[in-house]
Amino acid sequence: MTRGTRPIRLAVRALILRAGRLLIVNAYPGDQSDLWCAPGGGAEPGASGTGTLIREVP
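Numbering (the numbering used here) for the sequence shown: 1 to 58.
Keep in mind the hints are simulated off the structure, nothing from the lab.
Hints are not guaranteed to be accurate.
Per label pair, the in silico range of CB-to-CB distance [said to hold, decoys possible]: (1) 55 <-> 28: 25 to 31 Å; (2) 18 <-> 44: 16 to 22 Å; (3) 46 <-> 21: 33 to 39 Å; (4) 55 <-> 24: 16 to 22 Å; (5) 54 <-> 4: 29 to 35 Å.
In this text, a Cβ means the ideal position worked out from N, Cα and C, and glycines have one as well.
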């Protein structure tokens, strides 16, 4: 799938709640980013969303 000249990549995120608190992670921790998001990541071509979450959120 493409839009313009860049391919579209599927990403999945997990909403993890414990004791009424939501887990968020720094999107680019090595780069000291100000972008925070739910844990997860990009899916490899042909991978399922569930399989991607198992790989990305141990």
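Quiz item: Is 29 to 35 Å right for how far apart the beta carbons of residue 54 and residue 4 are?
Solution: holds (32 Å)
Practice problem: Using the beta carbons of residue 46 and residue 21, state whether their distance is inside 33 to 39 Å or not. | Solution: holds (34 Å)
Quiz item: Honestly, do residue 55 and residue 24 meet the 16 to 22 Å range at C-beta?
Solution: Given range 16 to 22 Å: holds, Cβ gap about 19 Å.
Quiz item: Taking the CB of residue 18 and the CB of residue 44, does the distance hold inside 16 to 22 Å?
Solution: Given range 16 to 22 Å: violated, Cβ gap about 28 Å.
Practice problem: Just tell me: holds or violated, for the beta carbon distance of residue 55 and residue 28 against 25 to 31 Å? | Solution: Check failed, 19 Å falls outside 25 to 31 Å.
This entry does not satisfy hints 1, 2, going by the numbered hints stated previously.
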